[in-house]
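Number of protein chains: 2
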Amino acid sequence: MTSTAAADPHAAGALPAKLVYLFGDGRAEGGVDMRELLGGKGAGLSEMSRLGIPVPPGLIITTEVCGAYYAGGRVWPEGLEEQMRAGMAHVEAIAGARFGDADNPLLVSVRSGARVSMPGMMDTVLNLGLNEATVEGLARASGDERFAWDSYRRFVAMYGDVVLGLKRESDLDEDPFEAMLERKKRAYGAAQDTDLPAAALRELVAEYKAEALARTGAAFPDDPWEQLRAAIGAVFESWESPRAIIYRDLHGYPGDWGTAVNVQAMVFGNLGADCATGVAFTRNPKNGARGLFGEYLINAQGEDVVAGVRTPQAIRAAERAPDGPPALEEAQPAVYADLLAAAETLERHFRDMQDIEFTVQRGRLWVLQTRNGKRTGPAMVKVAADLVEQGLIDREEALRRQEPEQIAELLHSVFDENAPGDVIARGLPASPGAAVGRVAFSAAEAAERAAAGEDVILVRVETSPEDIEGMLAARGILTARGGMTSHAAVVARGWGKCCVAGCGALDIDYAAGTFRVQADGRAVTVRRGDVVSLNGTTGEVMLGAVPLVDPELPEELERLMGWADEARRLGVRANADTPDDAARAREFGAEGIGLCRTEHMFFGEDRILAVRQMILAEHEEDRRAALARILPMQRRDFEGILRAMAGFPVTIRLLDPPLHEFLPQERREMEGVAAALGVDAARVAQRVEALREFNPMLGHRGVRLAITWPEIYEVQTEAIAEAACALRAEGVDARPEIMIPLVGTAAELARLRERVAAVTARVAAARGVELSLAIGTMIELPRACVTAGAIAAHADFFSFGTNDLTQTAFGLSRDDAGRFLPDYLRQKVLERDPFVEIDREGVGELMRIGVERGRAARPGLKLGICGEHGGDPASIAFAHGLGLDYVSCSPYRVLIARLAAARAALGAAS
Amino acid sequence: MTSTAAADPHAAGALPAKLVYLFGDGRAEGGVDMRELLGGKGAGLSEMSRLGIPVPPGLIITTEVCGAYYAGGRVWPEGLEEQMRAGMAHVEAIAGARFGDADNPLLVSVRSGARVSMPGMMDTVLNLGLNEATVEGLARASGDERFAWDSYRRFVAMYGDVVLGLKRESDLDEDPFEAMLERKKRAYGAAQDTDLPAAALRELVAEYKAEALARTGAAFPDDPWEQLRAAIGAVFESWESPRAIIYRDLHGYPGDWGTAVNVQAMVFGNLGADCATGVAFTRNPKNGARGLFGEYLINAQGEDVVAGVRTPQAIRAAERAPDGPPALEEAQPAVYADLLAAAETLERHFRDMQDIEFTVQRGRLWVLQTRNGKRTGPAMVKVAADLVEQGLIDREEALRRQEPEQIAELLHSVFDENAPGDVIARGLPASPGAAVGRVAFSAAEAAERAAAGEDVILVRVETSPEDIEGMLAARGILTARGGMTSHAAVVARGWGKCCVAGCGALDIDYAAGTFRVQADGRAVTVRRGDVVSLNGTTGEVMLGAVPLVDPELPEELERLMGWADEARRLGVRANADTPDDAARAREFGAEGIGLCRTEHMFFGEDRILAVRQMILAEHEEDRRAALARILPMQRRDFEGILRAMAGFPVTIRLLDPPLHEFLPQERREMEGVAAALGVDAARVAQRVEALREFNPMLGHRGVRLAITWPEIYEVQTEAIAEAACALRAEGVDARPEIMIPLVGTAAELARLRERVAAVTARVAAARGVELSLAIGTMIELPRACVTAGAIAAHADFFSFGTNDLTQTAFGLSRDDAGRFLPDYLRQKVLERDPFVEIDREGVGELMRIGVERGRAARPGLKLGICGEHGGDPASIAFAHGLGLDYVSCSPYRVLIARLAAARAALGAAS
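Protein sequences, first through last, are from chains Z and X.
Under the numbering used here, think of the first position of the first sequence as 1245, with each following residue one higher.
Under the numbering used here, think of the first position of the second sequence as 1245, with each following residue one higher.
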């Protein structure tokens, strides 16, 4: 009771006269707008009842009563008993049964109900009102003695747990009733609970009650009213339970909200063949198709549907299998008609697809609960578009209801959900989708197998730029090390390719061509060529081939994206390094390229040798000679990309990674390179060693390369300018922009801007073309953020490189964070992985400073994001709030970004 | 003329009537306060003349004339010629010679003179007034024909260069006169210029003039007045020379300042035995002792003193060698008396030790220049203290005049400046001082040789914490890689040990036990055991043993430091990890320890095994068992340090570096460790591999270790708390503070603070001691700066870790920056190495944000710096301005920091 000890949250106040609200039979005293007084559940039940939905009748004790209970020192406020009695009479009248009546007993459920759902609070007590007398009545009414005694047994156990607290008080922290049940099953030789006969259950009830007496010193209550009062008191007490307090503190909910108590008539779907229980969606949750969709079980309880012991039947005739059992529509047409009517009413009222739980008791439909239905990505899109068409919601509302992340489901293959997979390991869900193929342990092998027509899964401890061709050839990528923003993850997401990263359980042996893993105690060895399946959405690695389902793009998508484009303020560009990627990004609606990395181009087979020659050069002239060989190839690269993005800006980042990445790492490979270049192998090895860095992330890269070797950026600029001139001569509207990476000081950018502009001017003059390229910089260092004013003097645009900015702001290497970030997330030291969602307080604050100072110095400064965060909905919302001009993300996230940008503009929570 | 093209800086204004100011013969029309009008040189000469110092007479054309010259379109302003004539008459009268007179010619020098010294401007023209007639007069007057013609030759060359611009206009960019001189020397078989006879010089004058005619199309002027007008015009023009403009732009000096022109009578010290030239300090610049100190040459020119061809004689009799030539005091007592008087006047007037250039012409003393004399560290201290005692300056002024960096000279051995060293390589001057010893290539070898009584120089490619014992044993450390803040540099500075780092020229071969280096074309190989000398102040590496001189602490130091302590606001603490360091820091006046690193303690031979066991542990209990063995050793460490610093705070930083650093890196060593620990060698190798990081700087270290393995910090805290309790029981005033490193989020610190406080409370309760330790954090990540408000809620103090903050703000690894930082400094992309002096705009701005937000959230928050910058005077001034409470630095920089802090408080420029 720590929180009440400090300050009693339930300050005494005048309690209104009305303490209990009734509902049932098409009426209710409350409604959905009275959550604060009636709690979420009570308000919802009242609303349904008002709408004429057949809801089992019940009553709600208000949250104010809870407040008064505590304010008065845990006493039952005056007038409550009286109003309860009147309320129960109301319930009895509608239910046609009487509380405590031996012949036709009314049973009720008792539940807590705060204004928001709070898992920390009291569990439900079902079947309250049973005793030695009423249980017999239930047996008679149901014609099933076993059912009656099992209900009684369950009630005693539930009551013993949540009202008497017997489980909580047990020293062993085990459920005493559960232990007794197990003993009884052994005594009767029963394998399942359901094998116990009525007699055994009757014995158990007696034993449970004896246990309760022994532990509490009081007889288990037989009086239904005593049961009810105690259950209500337990609900009030649960509001101040340690679990509830922790939960409230965690979410910042005030203690004085209090909880309501819901008391509702029980209905049974298992009283005979005219009884049933089921679940119905008002539309198909898989594809959004209109019409009731769901299943039910005859003569069953709700938990039977969940348990999956019996195969459920379809609700609509159209949906049942030709040789299957009859659908509800056929078996009980009147009930079906009632359900259809209820579904329509509820959907129209709540203006969204509903997920409805119902029970049929003796041919009468009872709706127990309704809520907005969960749905797949395709269904999300179709339902929203259809609801707009039906006039139920407007376009903005349709956009607000999109969960941008779910759009990814529309673009990637998924596993057939009915096909079970043999999961042998779990890694990080680094890039969504599903992939099946044969295992290859090197990029070369992957490329070879793929060329031979095989589907391949590339398995590496980690990947590096040298593996690019093998990664491209593979269906999916699996790594043992590296996080959500490791090389494998970033590259795979850029390609929309399935990737499971950082799967630490893999013990890879390249030499043997195997990986081993411990799966549920089994030691599994996977050999080169074996088939595995990867789920990039869940991170699962499965043995063998799991069947795949291809995605279908719902036709409504385009309409929805059109509305999104009208609503959003943020531009959406893509990160793309090849003409193919650029074309794909354009198909997805990208309005330009926000980040075109030039280093990937350097790895092409036709140029890596020249690149290495450049790196190994001792003198500027040798370096220039090697660069001169790269120039025409780079020019072709740029021509292709600029052509694919004609009419839109293409922001090309000049070389960024440390040169070390381009050199071979293994002895044998070095020798090959040396032979190809006609130099000494020792020289290559020496240069590789000389370029090795302690902290390459913080090393000689980005603009620093160009300060040391200006000719690298000069040649790249030449290639860009020549490509632009050539295209414009053809009449193609090429719009390159040049971006200098890793700028930390204004002087760096000033220096490079001058050089880049000079080269551009020279090329333009030689070609006789008017060419004025925007020149800007990545803002990816904290120093760049705080000195953004000085840097802006030399920049036409800023593009926030939030990956590196996150690394430097936190002092956290993406590649190494896998060692401790999981601890941080588990222990809640960090709420979220800052490489996935922008850390607003820290990284975001640096960005805010950068935006403020940059814009103050240069009002027209164009601002964007081109880190991985550019495709994350929450980060896009942040970018919108910050007043950026655009976000740039992987082509496969462009749709997501367009939607997220629209939602941000509409003020939807992300 | 780019800068004038934009906007003419010389706006036309009314020119005052007085254009020329005269000085000489104990009088002057100007004075030292007229720098703007007369330029620095003219103002100084005027001041000296006013003081009655015998200055050769002269005149000054004001800076306003320069302005009028440009405003009028490069014309000689009206009235100038007339005032010049009058001025020259004044000079002639005092000098007793006439300008252009064939018998007794007055020669003059012409010099530019801006209000501040500007290296970009015109060189001097000497001996102006010589022509075919006056040269004969000079020959007669001096009785030295060769001298007269040599003077004439030099004048023509100088005039040709600086007035006619012949050198500048030469295509070959070589001095045409120099080439002719060389040819002449070959023709006469003369080895030196001085071997040329008068006839040859006479020929050269004719040839020089012919060359000038051929190049300029005009005869070389013989008319002294024409020479003078042209020289004055050249001075004006030099104000707008490209070099001068660049220099002005660089320093932000406005173009409208203009330059004055100084025309001054020449005096000669080489007209006979009653002539001389010399340099005199008013006090001894080596140790500050009072009394004239200097040397002179009889019958010589100033340049002869500099050239060192003849051995100069002492000025004071007391200073001459017993068998040396007579001192000036003995040879020319009257001149000596005049010099003494002049020296006293000047020192009294300028209130500082003066460095005086003088010439004696025919028994008459002329003072040519005076300026504040450069001095050694000891002299700096003694002179300032003496001047205070003499009442010439006050204490604040004495402090303002201290150059804190020079204090380092008081603490370290230096090489005997008279002993030449054979310099074979140059590295970074990483830690000042001098060291001589035999080369060892491993820490073990260094320790072994040292134990055997040898002086050792440890030579490594780079050092790591494993080398600590060898580094400690060595006299000096030399590394081939790493910058000013590499491991070797930081550790050496902490110990006040000489270190030359990043000496890239060394080619070290550990296997052969040699290093090779190319020195001026020689290939030098140094073997294990060879003797080398290191100069940590200059970065020089020398072959063989260079004699050492021990430092002497001037007795005035203590007095001066006392004044500093009264003046400063900043506290000064030391970074110290051992009782010895703590004691030394205390001797130097440290007021506590600002950074006690605990990791160095982990490397002790007696505990590294337990540390490794802890790291290799698979389970928490094994880790705790290993930690339990470390605990008593750590407690003893802390007891020693706390005892040495009794009465002062000791900020102990809990474990910071990645665990990887504690494990062996080489196969053989791993096997040794495995054997010692009784585990599998493969297990050790595997763990080493698993702990390897891509970017260890941004990896699993600091507080992150404690989030993963809380027991490490718990045990360290236990050791600290137990040490404090034990000492307090003895009556020792132990004041530990606990510092958590690498905090980036408030949640990290909140978590650790709770744990640390709990351990402290537990220990205190068990010991029955009242113990409440301050708990704070390093602020060394940009994210910590911007979220300082939230972090401050859990911190009693912040200590800015400016090393790591610089690394993360710039995204710059200290260990790798050596590859490109030199390019940055050379190209002026960076003005200073940010690891040496705090980068105010970037890192400093982050600190400012951190201070502002931290103090706003917690007004009493204590703030300090404990990075390397804590000992850098400029950074200390910044810390003062930022309002920090203290700086912490290496013990050997405590004196420097105390002085720098005082100077900052007094507003002295740093």
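Keep in mind the hints are simulated off the structure, nothing from the lab.
Just so we're clear, the structure is a prediction, and the values are computed from it rather than from any experiment.
Keep in mind that the hints are not guaranteed to be accurate.
Have a look at the derived ranges for each label pair, beta carbon to beta carbon [claimed, not checked]: (1) X:E2085 - Z:D1850: 42 to 48 angstroms; (2) Z:D1924 - X:G1922: 53 to 59 angstroms; (3) Z:A2005 - X:D1493: 19 to 25 angstroms; (4) Z:V1976 - X:L2069: 49 to 55 angstroms; (5) Z:A2005 - X:I1490: 52 to 58 angstroms; (6) X:E2014 - Z:P1260: 53 to 59 angstroms; (7) Z:E1862 - X:V1768: 35 to 41 angstroms; (8) Z:E1647 - X:E2014: 53 to 59 angstroms; (9) X:Y1754 - Z:D1753: 39 to 45 angstroms.
Here are some of the chain Z residues that sit facing chain X, going by a computed Cβ distance under 7 angstroms [unchecked claim]: (10) H1334; (11) N1616; (12) T1620; (13) F1847; (14) R1936; (15) A1991; (16) T2031; (17) F2054; (18) L2056; (19) P2066; (20) E2085.
The C-beta atom is built at its ideal place from N, Cα and C for all residues, glycine as well.
Checked hints:
| no. | hint | verdict |
| --- | --- | --- |
| 1 | X:E2085 - Z:D1850: 42 to 48 angstroms | 44 angstroms, holds |
| 2 | Z:D1924 - X:G1922: 53 to 59 angstroms | 46 angstroms, violated |
| 3 | Z:A2005 - X:D1493: 19 to 25 angstroms | 24 angstroms, holds |
| 4 | Z:V1976 - X:L2069: 49 to 55 angstroms | 44 angstroms, violated |
| 5 | Z:A2005 - X:I1490: 52 to 58 angstroms | 24 angstroms, violated |
| 6 | X:E2014 - Z:P1260: 53 to 59 angstroms | 54 angstroms, holds |
| 7 | Z:E1862 - X:V1768: 35 to 41 angstroms | 23 angstroms, violated |
| 8 | Z:E1647 - X:E2014: 53 to 59 angstroms | 57 angstroms, holds |
| 9 | X:Y1754 - Z:D1753: 39 to 45 angstroms | 32 angstroms, violated |
| 10 | H1334 | 51 angstroms, violated |
| 11 | N1616 | 34 angstroms, violated |
| 12 | T1620 | 36 angstroms, violated |
| 13 | F1847 | 19 angstroms, violated |
| 14 | R1936 | 9 angstroms, violated |
| 15 | A1991 | 5 angstroms, holds |
| 16 | T2031 | 5 angstroms, holds |
| 17 | F2054 | 5 angstroms, holds |
| 18 | L2056 | 6 angstroms, holds |
| 19 | P2066 | 9 angstroms, violated |
| 20 | E2085 | 5 angstroms, holds |
Hints 2, 4, 5, 7, 9, 10, 11, 12, 13, 14 and 19 from the earlier list are contradicted by this structure; the remaining hints agree with it.
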